[in-house]
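With the sequences and hints as input, model every part of the structure.
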Amino acid sequence: MSVAEAIPVVSKPVRKTALNAVHRQMGAKMVEFNGWDMPVEYPASIGCGIAAEHIAVRTGVGIFDVSHMGDIRLAGREALAAVQHISMNDASRLAIGQAQYSALLYPQGTFVDDVIVHRLGEDEYLLVINAGTREKDFNWVRDNTRQFDCKVEHLSDDFTQIAIQGPKGVDVLQQLTDADLSAVKFYWVTRGTVCGLKDVLIGRTGYTAEDGFEIYIPSDEETSARVWYEILAAGKKFGAVPCGLGARNTLRLEGKLPLYGHEISDTINVWEAGLDRFCKMDKPDFIGRAALETAKAGGLKKTLVGLEMVDRGIARDGYKVLDEGGREIGYVTSGSPAPFLKKNIALAYVPPAQAAVGTTVKVEIRGRGVKAQVVPTPFYKRPKKP
Amino acid sequence: MTYPTDRKYTKEHEWITADGTIGITNHAQESLGDIVFVDLPKVGAEIVAGKPFGTVESVKAVSDLFAPVSGTLTGVNESLATAPEQVNKDAHASWIVKVKVKDPAELNALLSAADYEKFVSEEAGH
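Here the protein sequences come in this chain order: A and B. Just so we're aligned, residue 1 is where the first sequence starts under this note's numbering, counting upward by one. Just so we're aligned, residue 1 is where the second sequence starts under this note's numbering, counting upward by one.
In silico contact screen, one side only, chain A against chain B (beta carbon under 7 Å); selected entries:
#1 E41
#2 G49
#3 I50
#4 A51
#5 G246
#6 I314
#7 P337
Derived BS3-like pairs: lysine-lysine, alpha-carbon spacing no greater than 25 Å straight-line:
#8 A/K185 <-> A/K384
#9 B/K89 <-> A/K343
#10 A/K371 <-> B/K42
#11 B/K89 <-> A/K342
Some chain A residues well away from chain B (every beta-carbon gap over 10 Å; in silico):
#12 G76
#13 Y106
#14 N139
#15 D143
#16 F148
#17 Y207
#18 H262
#19 D323
#20 T377
Derived by calculation from the structure, the hints in this document are not laboratory data. In this text, a Cβ means the ideal position worked out from N, Cα and C, and glycines have one as well.
Set out below in structure tokens:
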């Protein structure tokens, strides 16, 4: 890409969240992401930029528009059985108000998408899914749950979803809601009045490897803009900044949270992605289980590792990974400078023989092998509360 | 933003002075965002007008630097290796390379500050 190409020109019709005009008004740099016109970062003139936004989330609080994420609701007598059939984690372990990281799998044991499953009621579940896979996911869920007494609804366009992320997120949101947020544990949800809106779903979830909340409010532009600005105003004394997809990506990378199309896809299976602990082979049968059983017996051909650049250079998505002798052994799925860790890091698929922590490899950057090392992951783990 | 009139500009968002000092424009640094890495050839390297000769990386992306003119590199700003953010702070004062210009006519044919400003505003209007 040339400097000229880095300057975004939005010409073809793309989807917009209800906060699109707000982002533009704030001077955000907009990019197309999976068919959506989204802010990548806010301007330096208001103290933002990917690095500043990233640091704000690690040390204070950042506010994200994540309305491009999709939502599927399953409700009815056999909702649990339906969720169990299409997802790899064990939804029977969820109490009402609890959420879990999970994934929808193809019969091959590869990924349709990764999801967060929320249990909202006795027989009611909400799956939060990725923007780029909304229609594919909904069709998949609908087609594969027909045999169950369970209604499947696509609610993606009904919500504006705002993420309030960072150690100060709880303080910011608590000012705007009557719900007692101190009683909500990580990966649990509650409901409460937020900014005067009754019965808002509030999840202590996120995609930043930090504490934080995600709220689901009505998706009309007026309400969305009002709540967005009220959150920013309430966050002012905590140094809250608006954050774009750029920081969202570097934050999730430091925390080794997978991104669909990168670390997980329809050609990568659960074991390769290292998501074993979210896949419960001992629960009732689910789509993909049999193939995973076979794959496990066959052994891994590639595995996801964390790399840290040793020599000067930045690994980027798609770059080749070479062994010390220069032979191609794998590829980078996500690579970037890590603004908080101040290192150049990457996630990559390599053969298990080259996956041990401490292994020296090379990343091919513009035709040159640049030295890197396999390091423990996640690169960043948030400090435990005292 | 006013662009200094003591130099010429390219549609690839580089600037070059009469003595062959090259940098990127304020518009380019704004578009790139936080610059974290600059990868440049060594002094003595030949660069060719319109061809990439190095890269600038922001947190998000890699961008090629295109040679505004042909010539031989006589200087490389080594301080950018450790402090690439200088380019964000003052793009028009942060030179990247110096070149011995082969053909001054190539340089004279580039955009004036006024023409570049017009080009940028037209591009933004797309």
